[in-house]
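S.K.: Here is what each chain is made of, one letter per residue.
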Amino acid sequence: MKRSGFLFCLMFLFSSQTILQAYDVTQDIAQIKQVQKEGQGNLAASKSVQQLSQADASALIPILSSFEGANPLAVNWLRGAFETIAANAIEQKKLPVDQLEKFILDKSQNPRARRLAYETLIKVDPKAEDRLIPGMINDTSVTLRRDAVQRLIDEAANLEKADKKGQAKKVYLQALSGATDDDQVKAIVKPLRGLGEQIDLQKHFGFLSDWMIVGPFDNGDKKGYDAVYAPEEKIDFTSALEGKEGKVEWKPVKTEDDYGIFDIAKSISAYKGAVMYCAADFYSPEEQSLEIRLGTPNAWKIWVNGKLLFARNEYHRGMVLDQYIVPVTMQPGKNVILLKLCQNEQTENWAQRYQFQVRVARPSGTGVRSQKPEATTQLAP
Amino acid sequence: MKNEYVKLLIPLIAVGLCCGADWPQFRGSLTNNVATSETPPSKVSPENIAWTAELEGRGASGPIVVGDKVFITSTTGFKQDQLHLSCFDASTGKRLWERQFWATGRTQCHNKMCVATPTPASDGKRVFATFSSNDVVCLDLEGNLLWIRGLSHDYPNASNSLGMASSPIVVGETLIVPVENDDDSFTTGLDVKTGIARWKIKRPRVANWSSPAMLKSSPEAEALVLLQSSEGVDAVYPETGETAWQYEQGAGRIPSTTVGDNVLYVPSNGLTALAPGSSSEPPKVLWQEQKLSPGTASPLFYQKRVFTVNSAGVLTCANPEDGEVVWRLRLKGPFSATPIAAANHLYLVNEKGLLQVVQLAEEQGEVTGEIDLKATILATPAISDNSLFLRSDEHLWKISSK
Chain A
1 MKRSGFLFCL
11 MFLFSSQTIL
21 QAYDVTQDIA
31 QIKQVQKEGQ
41 GNLAASKSVQ
51 QLSQADASAL
61 IPILSSFEGA
71 NPLAVNWLRG
81 AFETIAANAI
91 EQKKLPVDQL
101 EKFILDKSQN
111 PRARRLAYET
121 LIKVDPKAED
131 RLIPGMINDT
141 SVTLRRDAVQ
151 RLIDEAANLE
161 KADKKGQAKK
171 VYLQALSGAT
181 DDDQVKAIVK
191 PLRGLGEQID
201 LQKHFGFLSD
211 WMIVGPFDNG
221 DKKGYDAVYA
231 PEEKIDFTSA
241 LEGKEGKVEW
251 KPVKTEDDYG
261 IFDIAKSISA
271 YKGAVMYCAA
281 DFYSPEEQSL
291 EIRLGTPNAW
301 KIWVNGKLLF
311 ARNEYHRGMV
321 LDQYIVPVTM
331 QPGKNVILLK
341 LCQNEQTENW
351 AQRYQFQVRV
361 ARPSGTGVRS
371 QKPEATTQLA
381 P
Chain B
1 MKNEYVKLLI
11 PLIAVGLCCG
21 ADWPQFRGSL
31 TNNVATSETP
41 PSKVSPENIA
51 WTAELEGRGA
61 SGPIVVGDKV
71 FITSTTGFKQ
81 DQLHLSCFDA
91 STGKRLWERQ
101 FWATGRTQCH
111 NKMCVATPTP
121 ASDGKRVFAT
131 FSSNDVVCLD
141 LEGNLLWIRG
151 LSHDYPNASN
161 SLGMASSPIV
171 VGETLIVPVE
181 NDDDSFTTGL
191 DVKTGIARWK
201 IKRPRVANWS
211 SPAMLKSSPE
221 AEALVLLQSS
231 EGVDAVYPET
241 GETAWQYEQG
251 AGRIPSTTVG
261 DNVLYVPSNG
271 LTALAPGSSS
281 EPPKVLWQEQ
291 KLSPGTASPL
301 FYQKRVFTVN
311 SAGVLTCANP
321 EDGEVVWRLR
331 LKGPFSATPI
341 AAANHLYLVN
351 EKGLLQVVQL
361 AEEQGEVTGE
371 IDLKATILAT
381 PAISDNSLFL
391 RSDEHLWKIS
401 SK
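If you're matching them up, the sequences are chains A and B in order. Residue numbering for the first sequence follows our numbering, beginning at 1 and increasing consecutively. Residue numbering for the second sequence follows our numbering, beginning at 1 and increasing consecutively.
To be clear, the hints were calculated from the coordinates, so they are not data collected in a lab. Glycine is no exception: its CB is placed at the ideal position from the N, C-alpha and C atoms. Some hints here could point you the wrong way.
Said to hold, decoys possible - If you only want the chain A side, here are some residues facing chain B, beta carbon under 7 Å, derived:
(1) E38
(2) G39
(3) N42
(4) S46
(5) V49
(6) S53
(7) P72
(8) L73
(9) T84
(10) D181
(11) N313
(12) E314
(13) G318
(14) V320
(15) Q323
Stated by the list, open to error - Beta-carbon label-pair distances, calculated as ranges:
(16) K94(A) x G172(B): 39 to 45 Å
(17) G306(A) x K216(B): 52 to 58 Å
(18) R131(A) x Q359(B): 57 to 63 Å
(19) S400(B) x K123(A): 28 to 34 Å
One chain only, chain B, in its complex shape (with noise of 0.2 Å):
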């Protein structure tokens, strides 16, 4: 009898093992931006492309994937009013199930951006997209819906002309959703069952861009989000929303921070290295380092190193101890999309579609390969399945070794 249950776990296991991990969210499922068990090509061009999916409308949101599931949102209509949530198999590429919903709120974006900006989010049996319009929607894996949110339908003054681009991020059974701009200025906690506010937090009134972070500081520790403004960083409790200690040197609106080996890397003052605080102690700044400033793109930890890509396409890498610079490379630039890393590589794609993957090295960082894409991609790519999964507007893309 055991044996019988054995053989069904086993095609289980080989869909697990063939999916590999899931990227559940912006920068992965710890917004760390890593990949720790993918081994995606290293040499790439163009014949690793293994499919390509047409798109519609206008998207720049980055891409994830669930078992063998990528979802992806965009927008169509003169005024990207039409929410698009849509699935694809990640095997083939064949799109298997899309959902539309009209936006409640304000759609009004910078040219650059679009109302899909915000990257899609998932627990594992869920998926939540979220818009400029501020409209939050719930699906199940197979695109039946569970439950809606309007947060501007809700809270009109909540919108920026500028557009939403802030990432929702799930934390245990709360889904972080920032909704941070120059008026009604907010971050909502909301219950992944129902979208029903857990909590529901004021934010500092200046338009943000940037995205929640995770901390946790070990395996068994309890996990805290981190929200950061033009004021600094708030680390928050997720069941709750308050504040178990901030840091207020002010950061950036638009890169994100980071955490490696329970330090985080925050856009402040260049980039600053911070321990992080307790109830009862603040947190400690380790360094400020203005020659690791990033430019939209966030910083990332990988391989004991802190990387950053500035505004001018150069690639810095550096030592977590001090903040010292260890080695530059200049790539072909300009970044939106955050560089992500496994297996010893960085994978950063410019807003002209050209991918590069760097192999890292101790002395220096070296361009492996290259792919043009030939498109315009701002959005952050995923790794699952040993692969990248890439979008521009018009094209969600699978890149695997041959």
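Next up, chain A with everything else stripped away, as it sits in the complex (with noise of 0.2 Å):
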């Protein structure tokens, strides 16, 4: 009786081990990236995201790899059941650094999976950082090329500091050829000028500098975001509209401000209650997956080619570089952006902003120009 109970546990065992090790994580991950708005799909994701969870180390990079198509959600759930398996295999010396590494290297592989097969071998081996890092100064992912930007800004920091200045001057501009974010841009940009090199800011980010616009229609009450106005329906440089105080015409502006932002209440009037139509064109030389990044403290709707992208009823809650990102499509050659910037009534000292900046750039946050700098004339009667 004691054999074959014996016997029998060693046959469990045994069958254990097979489904443990016949466990396809493909399936699960699968399952996992079928997720979408609104909770669909979290019943069945809920329950392969905790099978997954359980599995070895083995399962690291299939995970990793699985990043590449799937949404932003599904990949917040691959991220969960990753961490978990990734914990397990530091605790137990199970982490396959050598596939982590090479994943790493490999640039074909989504960005942010290589970000975190990053973050998770340098638990285990920090001096990884000194190995992969300065090779990615122009990567596709934005974080892996921040810490490669900030080496070198460290790095002609010391240069400068050791009045070794052509060489300083080398490194920042190196810095600044991958720097996307501004806290490093800012960084670099005043030691570059303070050694005398010409940085154009508008041009490294990708901010329009020349702009058609007409003004003000009414928005008294904040009824003029829902109105439809005549820039909605066709833009037409040569018409004088009926606006909130008689005629209103476009008229040509240009900012020469670093960021790009254009002040209407100080380079036009610190219109209240009302509406202003902002339009520039972009000239992409083929059909791109672009971002229309933009920073106001005012209501706004954009739209590209007369398709609405967003719009935003919000009104005084600060304004920043990059504040909204709107995904874009260019179509080759001539692209016609409209924004509607609409300006309330209050009447707070905090409450009198009325302007804005907007920049194109790559999802890596990369400024990219219009391939016709003269643009603009392009619109202007």
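From these two lone chains plus the hints, build me the complex, please.
M.R.: Shown next as structure tokens:
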């Protein structure tokens, strides 16, 4: 009896092991990638993520590889499973460090997956930073690139302190080539300008500086946000339009501001209860998926080639660089960007700003310039 | 055989007694800032710091305590788009696990606050973390992911350029998540098991940083959720989101309503004492008192007294019957964290990290101890295990009797 029990236990252990070894992570990963908005797929994904989280370290690379093509929600679900497995693997000293490093260096892989692999790797191998980061100054991963830029900033600052100005300038310029985060750009541009270098920040960030503008139209009681004025139906720079205070005409404006800010209140008038329309064109050599990045303390709507991309009915909650990021597909040739900017009637000191900044960038944050710098002259009457 | 079971239960009972009551969400289990069965130190000094744990990044959310675990959220990255949920051993301060996620919504915030401003919540089995990006993650207490929602991913105009700060609360099987802002403004009730919405109701389109409170008129009564906004207070059923009654005289958008002895204390017209309504009757205003207008910190009802802290750092104690001021005590402010109460003392931590303990008395309150934690602290502390748990960006502290 005892002997048969022992045999049964052995069989059970063997079969359990077989089951564990046979566990195929691909089905659970595929299930997790089905999650959609509003919790669609959550029920099945929850079961899958709990099962996947129990997998051994061999699941780590398949999970990272699956980031490609996954929506942002699914990526987070996958990350949750990855981190649980990785934490166990680190504790058991079974983290596949060589595979992770190979994955990090494979630039065809998803940038976020590569970053996650890197953050996991340096938990057990902090020296990997010196080995991997310096080569990532133009990496598709925003955060790997940021780390590479920071190393160059530090290096350049040390060179500058050592009075090696020529070398410092060279390294700062190299850092600038990869910098997209504003804090780093500022940390580079200030010393570079001090070293006599001319830096065109508008060009670096991809700001649109030349606009056609018309208004004001009525936004009393904030009703102008929903009102459809003539520029929304047709952009015709030659026509006079019926505005809030009589006839208004399109006129060209230009900003010299480093950060592309055009200040309507200061440059035109501190309108209250007003709507202004601003138009610019952007020439693209080919169809490309880019982002329009907008900053404004005012309510706004934005169209590209007549298609409404996004609208935001919020006033005076601050303005920062890249405050709003709107994906856009630019068509080959000329693309017309139309911005509707609404000012309300608040009287507080902090509610008087009427301004905006717009840039075109890649999803990585790198600025993209219109192929024709003289673009807005095409719009002028 | 029975004795064997008793033996097995003894350690569990001991753990329960040792750990005390949980502090499972913003302002505690009843969202009233009060720990009824806890005795944190009444005279504090630096020697009372039981342990200090290192944190990274930013965090204005409060810690919560469930059993022997402390949970805390924070964010890292230039854009604060790395969302962290960390778990610490309440006894030792050892980090037990940490999980990170990427923000799927906007992470822009006013400099004073940050993406990790909402305090997480727990139903005792799961922990729910929300962030200014309107991401909601649910893990079990061991760090295993159960579900995720990205509410700004789902509703892209649900955001606030100054940041979202309202904390979620759990009522029964529903996680109440306020997403109230100038544009696509709503509050939703999510099924704690799946994250799928039981309900989603439109809310006033005005930025709102206040947090929900719970109203439970008796132990047997069905709990209601109090949603405060610039328009007033809506009492809704947690299962359906349907409105039970409304108070429509407007209210603040930062300090939040609290409840004591079945009376609401609403930051409205100074401070308004409100008897709850019903499906057939509107709520009744008992009194309104401008002198009790709270600053950022929410009001507190404790030991038959109402307390508020104004923007000048003055703690005011009032009679809940009529709103008449009983005493005032000037503290060292300013305060963002809400005062919490236990064992006849109030615990108030100011924005510079000075924890002040006020012993309550009928005639006058008295400061009986201070600890200068020398850090910016905006988060409301937690009380559990006869201890206080406080956090700054960089540290999590446990403060206990020696």
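S.K.: Now tell me, hint by hint, if it's right for this structure.
M.R.: Cross-check of the supplied hints:
1. Against a cut-off of 7 Å between C-beta atoms, the interface hint on E38(A) holds, since the closest Cβ of chain B lies about 5 Å away.
2. The closest approach between the C-beta of G39(A) and any C-beta of chain B is roughly 4 Å, which is under the 7 Å cut-off, so the hint is satisfied.
3. Given the 7 Å rule on beta carbons, the hint for N42(A) holds: about 5 Å separates it from the nearest Cβ of chain B.
4. Contact between S46(A) and chain B, as hinted, is supported at the beta carbon level, the nearest pair being about 5 Å apart and thus within 7 Å.
5. Taken as an interface hint, V49(A) checks out: its beta carbon lies about 5 Å from the nearest beta carbon of chain B, inside 7 Å.
6. Restraint check, S53(A) versus chain B: the minimum CB separation of about 5 Å is within 7 Å; hint holds.
7. The criterion of a C-beta within 7 Å of any C-beta in chain B is met by P72(A), whose closest approach is roughly 4 Å, and the hint holds.
8. The interface hint given for L73(A) holds, since its Cβ lies 5 Å from the closest Cβ of chain B, which is under the 7 Å cut-off.
9. With a cut of 7 Å, the hint placing T84(A) at the interface with chain B holds, because the nearest CB-to-CB distance is about 6 Å.
10. Interface hint at D181(A): satisfied, since its Cβ lies 5 Å from the closest Cβ of chain B, which is below the 7 Å cut-off.
11. At its closest, the beta carbon of N313(A) sits 5 Å from a beta carbon of chain B; the interface hint therefore holds under the 7 Å criterion.
12. With its C-beta approaching chain B no nearer than about 4 Å, E314(A) sits inside the 7 Å limit, and its interface hint holds.
13. Satisfaction of the interface hint for G318(A) is found here, the shortest Cβ-Cβ separation to chain B being roughly 5 Å, below the 7 Å cut-off.
14. Restraint check, V320(A) versus chain B: the minimum CB separation of about 6 Å is within 7 Å; hint holds.
15. A hinted interface residue such as Q323(A) counts as satisfied when its beta carbon comes closer than 7 Å to some beta carbon of chain B; here the least separation is about 6 Å, so the hint holds.
16. The given range of 39 to 45 Å is respected by K94(A) and G172(B), whose C-beta atoms sit roughly 42 Å from each other.
17. The given range of 52 to 58 Å is respected by G306(A) and K216(B), whose C-beta atoms sit roughly 55 Å from each other.
18. Range check, R131(A) to Q359(B): about 58 Å between beta-carbon atoms, so the 57 to 63 Å window is met.
19. Between S400(B) and K123(A) the C-beta distance comes to about 31 Å, which sits within the given range of 28 to 34 Å.
The structure meets every hint from the earlier list without exception.
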